[in-house]
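Produce the complete structure using the sequences and hints provided.
Line by line, the protein sequences give chains A and B.
In terms of my numbering, the first sequence is residues 1 to 477.
In terms of my numbering, the second sequence is residues 1 to 178.
Quick caveat, the hints were computed from the structure, so don't treat them as lab data.
Keep in mind that a hint or two might mislead.
Said to hold, decoys possible - Derived DSSO-like pairs: lysine-lysine, alpha-carbon spacing no greater than 27 Å straight-line:
hint : chain 1 : residue 1 : chain 2 : residue 2
1    : A       : Lys103    : A       : Lys88
2    : B       : Lys56     : A       : Lys325
3    : A       : Lys376    : B       : Lys96
4    : B       : Lys56     : A       : Lys367
As the list claims (entries may be wrong) - Some chain A residues well away from chain B (every beta-carbon gap over 10 Å; in silico):
hint : residue
5    : Ile294
6    : Lys356
7    : Ala413
Glycine residues also receive a C-beta, built at the ideal position from the N, C-alpha and C atoms.
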Amino acid sequence: MKTMLRAATLRIRLLILSTLIFPALLSAESTVSQPELLQQSEQISNLDELLETVKQNRLKEAQLNREREQAFIKQKSRQKALLAEAKKAFEASQASNNPLKKKTEENAKRINKAQQTLHEKKQELGDIYSIYTAMAGEFSAALQDSMVTAQKTGRTEKLDALLQTERLASMEDLEQLWLLVQDEMTESGKIVSYQGPVVTRDGHVDNRSILRVGTFTAFSNGDFLRYIPETGELLELSRQPANRYVNEAETFSASVATLLPVVVDPTGGSLMGLMTYAPTLQERVEQGGIIGYIIIGIGLLGLLITLWRVLYLSIIHLAMRRQLKWLDQPSHKNPLGRVLLSAVGFKAEDDKIQYKLDEAVLAEIPKLERSHNLIKLLAAISPLLGLLGTVTGMIVTFQAISLFGSGDPKLMAGGISQALVTTVLGLVVAIPLLFGHSLVSSLSGNMVQRLDEQSAGIMARLMEAQSNSNIDHAKGG
Amino acid sequence: MQTLVTTLTHALSDIRAFIEQGGPIIWAVFVTCLLLWLCIIDRYWFYKVGFPQLAKSTIADWQGRRDHQSWRAYKIREGIISEVRLQLHARLSVIKTLIILCPLLGLLGTVTGMIKVFEIIAVNGTSNAQSMAQGVYLATIPTMAGLVVALSGYYFSVRLRQIADNETSKLADKLMLL
Numbered sequence: 001m002k003t004m005l006r007a008a009t010l011r012i013r014l015l016i017l018s019t020l021i022f023p024a025l026l027s028a029e030s031t032v033s034q035p036e037l038l039q040q041s042e043q044i045s046n047l048d049e050l051l052e053t054v055k056q057n058r059l060k061e062a063q064l065n066r067e068r069e070q071a072f073i074k075q076k077s078r079q080k081a082l083l084a085e086a087k088k089a090f091e092a093s094q095a096s097n098n099p100l101k102k103k104t105e106e107n108a109k110r111i112n113k114a115q116q117t118l119h120e121k122k123q124e125l126g127d128i129y130s131i132y133t134a135m136a137g138e139f140s141a142a143l144q145d146s147m148v149t150a151q152k153t154g155r156t157e158k159l160d161a162l163l164q165t166e167r168l169a170s171m172e173d174l175e176q177l178w179l180l181v182q183d184e185m186t187e188s189g190k191i192v193s194y195q196g197p198v199v200t201r202d203g204h205v206d207n208r209s210i211l212r213v214g215t216f217t218a219f220s221n222g223d224f225l226r227y228i229p230e231t232g233e234l235l236e237l238s239r240q241p242a243n244r245y246v247n248e249a250e251t252f253s254a255s256v257a258t259l260l261p262v263v264v265d266p267t268g269g270s271l272m273g274l275m276t277y278a279p280t281l282q283e284r285v286e287q288g289g290i291i292g293y294i295i296i297g298i299g300l301l302g303l304l305i306t307l308w309r310v311l312y313l314s315i316i317h318l319a320m321r322r323q324l325k326w327l328d329q330p331s332h333k334n335p336l337g338r339v340l341l342s343a344v345g346f347k348a349e350d351d352k353i354q355y356k357l358d359e360a361v362l363a364e365i366p367k368l369e370r371s372h373n374l375i376k377l378l379a380a381i382s383p384l385l386g387l388l389g390t391v392t393g394m395i396v397t398f399q400a401i402s403l404f405g406s407g408d409p410k411l412m413a414g415g416i417s418q419a420l421v422t423t424v425l426g427l428v429v430a431i432p433l434l435f436g437h438s439l440v441s442s443l444s445g446n447m448v449q450r451l452d453e454q455s456a457g458i459m460a461r462l463m464e465a466q467s468n469s470n471i472d473h474a475k476g477g
Numbered sequence: 001m002q003t004l005v006t007t008l009t010h011a012l013s014d015i016r017a018f019i020e021q022g023g024p025i026i027w028a029v030f031v032t033c034l035l036l037w038l039c040i041i042d043r044y045w046f047y048k049v050g051f052p053q054l055a056k057s058t059i060a061d062w063q064g065r066r067d068h069q070s071w072r073a074y075k076i077r078e079g080i081i082s083e084v085r086l087q088l089h090a091r092l093s094v095i096k097t098l099i100i101l102c103p104l105l106g107l108l109g110t111v112t113g114m115i116k117v118f119e120i121i122a123v124n125g126t127s128n129a130q131s132m133a134q135g136v137y138l139a140t141i142p143t144m145a146g147l148v149v150a151l152s153g154y155y156f157s158v159r160l161r162q163i164a165d166n167e168t169s170k171l172a173d174k175l176m177l178l
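Here it is in structure tokens:
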């Protein structure tokens, strides 16, 4: 009983709440009904009254709905008339629209057809265009590497401009490319001389007369020039080829309209470029290192000694010849004279004269053979030093191999060149020293033999002549 | 005449190409070879033409002497023989030296050629055998030339020395001590 009552009160409370909230919600829509509802809510004091008002409200609402239905039904009959009217208007506009639609369809067909023909034509032109771009690209590389570009600057820019256009190539573009190719072809077969900038060895740009032979070689003042494609400049080769070729180039540049031989580089400068890597004599000698310099020092020393000996021996040789002519006037200034003087005062039959002569000859020999063994020693040492240099060079090479591996032959080349250069230097020093030693020893050997074997004979002849003249004198007297 | 000139120029250009292939050492070998053969020809000329006359006059001089037995005569004979020996042996040592020099020059050529090869390796790497062949030519041609010159001269150097010794002793035999 209690619970029922409770539930009833809860429901009522909810109803009150709903009636309170509902007007609040409605208030925004219908401000007119608000005071009415407020009045009613003021009048409500017990449950019966509430029930009464709810009932009344329901009746009112039903009334209202009925009124609205009536209005809708009224409107519905009117809409039917409106629909019929609209349908009529639609049919009328449709009738005028149909021919236009046909026209549009026809136009669409025509556009399609035109697009197809355009596409076909475009394909044909596209083939030409792709050939044109490929050709221009290829030719651009050739033009860049060509020596003629140094003379005719701006050609590459022209070609680049042709290459970079977005639109299809026009007839004019095609013709321009053709002209450029033709120009290059004719220029490659020409020998042209012109004034142009040359980068000299010390780096500044000089305006000089240049002679260009095709696309192969260019000369200026007898010097060979090298074309650098990256900058489009002509560079004086830092190392010129052999004099023979340079002279040929010079006479070739100077001559007009005559047939002359001249060296060209068919690779367009790369051979001439490689030539600059070849080391000069001085660089070669430097490759030999310390041992190389020692060998050169030994060689110079040996050469000086040889020169001194050759001079000394030839002077003595001449003096001895003179002495042979004037045997009766022995001089102290040459070995033969000294040997002859040592026997003065002895008679031919005296046994001591032979000893005296031998002694005098023995005293002369060291002077004549001085330093000959030194020359021989130096000649023998220099190839040995060369061998030493070879071994040290090989050590350097193997050190390089142990550090970097044998992958890069260029790293090994340094040690190997040291090894070989010292060997060369050793041989270069040994050969003239050996020759000099042979010359000097044959000169001195001849003189020693003369003194040793002939001085006694000369002495004997002299004595014989003197005794003969004595006999003649005696006979005459 | 025209053909002779053209063949000559062809031969000259061939020699020039050979020398260029062999490098400057070839010139040294060439000069050595020329010197060697000049000396050899000179010696043969002397032994065949100059020396018989010299020997005749020397023998005649000796025979013309009155005195053949004294100490003086003995010494004079020794002197004469020595002079003749000197003349016969002149330049033989030069020939010998030139023959020793030839293989040395060849060796020099070999080493310079090897330098060329390694230079090419330094620039191109080992991939280009064709360019290395140039250096190998430089190495082998002077060696070959030096050996050829030395071998061709070697026989003559020995033979000439033999002739000189023989002629000296023959002359000594003819200068009789009575």
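Hint by hint, here is what the structure shows:
1. A:Lys103 with A:Lys88: Within the cut-off at roughly 25 Å; holds.
2. B:Lys56 with A:Lys325: holds, 23 Å
3. A:Lys376 with B:Lys96: With a Cα-Cα distance of about 15 Å, the restraint between Lys376 (chain A) and Lys96 (chain B) holds, given a limit of 27 Å.
4. B:Lys56 with A:Lys367: violated, 36 Å
5. Ile294: Non-interface label stands for Ile294 (chain A): nearest chain B Cβ at 18 Å, farther than 10 Å.
6. Lys356: holds, 13 Å
7. Ala413: violated, 4 Å
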